[in-house]
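Colleague: Sequence:
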Amino acid sequence: MEQQMKNLSLCENAGQADAKAPKLGFKPLAAKMPRNTTKGTKVQVETNIRKLTIAKNQPIYKYSVQVLYVYLNKDGAEATIEMSKSAKKGLQHEADKNRCQKMYQLAAQKNAALQSGGPYFYDRQASLYTLTQLKTQKICFTESQGISRRPNFVRAEFKLEKVDQSFQSTSNDIAKTVNSCPALADKTALEALNIIVSGPAFENQNVVTIGKCVHYLIDTAGVDIPSKEYSEGGLYSGIGASKSVKTLEGTDKKEPSLYMTTEMKTTLFHPDNWPLVSIFQTYKDFHFKLEANSFAGKRLEKAFVGLEVVLDYGQNKGLGEDGSIMKIRGFGPSAKATHFQTDGVDTTVFAYFQKKYGITLKYPDLFTIEAKGKTGKIHLPAELLILCPSQVVTNDQMINNEQADMIRLSAAKPHLRKSITDTVARKVGLASNNIYGFIKVEDPVKVEGIVLNKPKIVFADNKVANLADPRARIPTDFAKAGKYAIAKELTNWELVFMQREEINSRVHEACAFLHKEYKPNVTIIASSKMHNERLYKSENGSIVNLEPGTVIDHTIVSPVFNEFFLAGAVSRQGTTKTAKFTLVYQSNPGEPMWNIEQLTNDLCYDHQIVFHPVSLPVPLYIAGRYSQRGAMVLAANQGPKFTGGVVDLEKTNKEMGYGGKKLFETRFNA
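Position 88 of the sequence shown, counted from 1, bears residue number 88 in the UniProt record's numbering, the numbering being contiguous throughout.
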């Protein structure tokens, strides 16, 4: 076992604190094992996963794109900003992608090489893909009119050239996109196919795309789901679909296959391009002398912190999307009450705007908006700000019943969720039968699942919870069995964690701490619910939720890793979200998949306070709850403790942690 554990180390100095961190993913994960076909009851499972069939021997040509915007500095010198490699985040990043798209469309209109051949698929950043090679391998295009309304704008440049041959791909390269050593997988073909599959959605005038892969419908007619609107804040719900193209095991034993996952998304949006003060006026108890530290002011602040606004004064007046964007960090004192130094002279926000811009503020007694400026915190008058478009309402910004409403909106029953997902996917253009004559999109696949045997749980007085009793009203609820026989307490313990994939010495030290002769086999399994796969049980022609213990470990999993989906819990509302598990490492390669799956499922039943199975193995479930609580404690204390301007972990843990406190000895995360 020691030698096998050493093989996990990525390089000889992986464990040295002063050595450069090794690159990850160059060692293979646990070898692929046969699926579980016998241990449990077979069921039919429907999915939101569609097989993609692509034409053979089709080259996919990749071209690099560079979009440059040139501005004049205050000293008259030119300054160049590359929009195609924008490092900005959020809406500012989206704005840069829109600028790239604008230049690409102009280049396509005015350059003959881009008007023939194709089709072309532009990711709105630095890559263009096409199914036919361009006649001209290098294109340069410059435009100065109709691009930007900024007064210091000079010109925009669009440059395109073919990338190195090593970055080119063909439709025959699907097998290269996966590798038992994750870092060695060549994702070039998948990157191209993800853009190509979204092509119809990008071209759809009834679709707004957020990020890279979530497409929302503007007109939702024909979609059987109610919309929500709120008078406070002008909030409104939107429905769309996300997509992800993946290489999965499939049914062909010779090679893996391409699949696309499409998942329904219901999201709440802020109104587009509204003056900030106009939105404030929709909230109850708002008035133009409202103070930031009042109850109504704090309530309003919670709904707006994190939103991005465009400046609408001075050189930014009327620029819209070309104006400067700021993020709201909070509310501050009124324009008359906010003092700061400018050129060594004390002034107020009210006086500053009057003197510098000739603007007499209409609402000088209203709180100001705090944002981050070039030299620190700045205060802006709300009446001179406009809300940027396409902003999603976060959970922290929901101050009424929006979160509960959105949960109910998205918590559709299995048959409705599947039907709505399929409808939305078709409407946005993701489920086209044939994409550009290159990709055939099939109907969602059906696979065979296995319902694992339920564990036997023995309580005090030898009472047994018969979880498989078909006469039970709630077959997963075992509260009537009573209490657990013995409340165990672990007094000899040690914390073990993984860092830089180095587990050899730490695991053995911990085992030796318990008992010097204790040398167990080690199995590492990664779990995640951050995926878009949705699985449903097909029962007598109906679509229902999966039974707890249903596992799928073939066809829709990785072709090179040991993966399985497990429905650990009962869905109390809506559709069950399965967890996905990946076997990363095992020191005993002979351990069969069914045993790993059964143990994982059994651990979902061991919560002890909540008397039904949970969606993850209980140790992970409890750790997650502790993490959530820790994050909230950290937020409630305005972040960690600092010493000399540096985060002091020891002080933070001492003051905010549970160690040495009575709470440490209590199970409080039910």
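Hints should not be assumed to be uniformly reliable.
In silico lysine-lysine, BS3-like type, Cα no more than 27 Å apart, as pairs [claimed, not checked]:
no.	residue 1	residue 2
1	Lys23	Lys176
2	Lys32	Lys62
3	Lys32	Lys413
4	Lys32	Lys372
5	Lys413	Lys372
6	Lys89	Lys135
7	Lys298	Lys372
8	Lys51	Lys446
9	Lys89	Lys356
10	Lys135	Lys253
Label-pair distances were calculated between CB atoms; the ranges are [to be verified]:
no.	residue 1	residue 2	range
11	Asn206	Gly25	19 to 29 Å
12	Lys413	Gly90	44 to 54 Å
13	Ser144	Pro275	27 to 37 Å
14	Asn401	Pro275	40 to 50 Å
15	Asn206	Ala296	46 to 56 Å
16	Asn433	Lys529	51 to 61 Å
Rather than coming from a laboratory, the hints here were simulated on the basis of the structure. Idealized CB from N, CA, C, for every residue including glycine.
Colleague: Confirm or reject each hint.
Modeller: Going through the hints against the structure:
Of the pairs offered as hints, the one joining Lys23 and Lys176 holds, with about 20 Å between alpha carbons and a cut-off of 27 Å not exceeded. The hinted pair formed by Lys32 and Lys62 fails the criterion: a straight-line CA distance of about 33 Å is larger than 27 Å. For the hint linking Lys32 to Lys413, the alpha-carbon distance of about 35 Å lies beyond 27 Å, and the restraint is violated. As the CA atoms of Lys32 and Lys372 are separated by approximately 51 Å, the hinted pair breaks the 27 Å bound.
Our distance criterion of 27 Å between C-alpha atoms is broken by Lys413 and Lys372, whose separation comes to about 44 Å. For a cut-off of 27 Å, the pair hint linking Lys89 to Lys135 is broken: about 36 Å separates their Cα positions. The straight-line distance between the Cα atoms of Lys298 and Lys372 is roughly 19 Å, inside the 27 Å bound, and the hint therefore holds. In summary, the hint linking Lys51 to Lys446 is supported, as the alpha carbons are separated by about 11 Å, within the 27 Å threshold.
At most 27 Å may separate the alpha-carbon atoms for a hinted pair to count; Lys89 and Lys356 exceed this at roughly 30 Å. Distance hint between Lys135 and Lys253 is unfulfilled; the C-alpha atoms sit about 40 Å from each other, more than 27 Å. Checked against the hint of 19 to 29 Å, the C-beta distance between Asn206 and Gly25 comes to roughly 40 Å, which is inconsistent with it. Between Lys413 and Gly90 the C-beta distance comes to about 34 Å, which lies outside the given range of 44 to 54 Å.
Judged by the Cβ atoms, the range 27 to 37 Å given for Ser144 and Pro275 holds: they are separated by roughly 31 Å. The hinted window of 40 to 50 Å between Asn401 and Pro275 is violated, with their beta carbons roughly 26 Å apart. For Asn206 and Ala296, the Cβ-Cβ distance of about 39 Å falls outside the hinted range of 46 to 56 Å, so the restraint is violated. Taken as a hint, the range 51 to 61 Å is violated for the pair Asn433 and Lys529, whose Cβ atoms sit roughly 31 Å apart.
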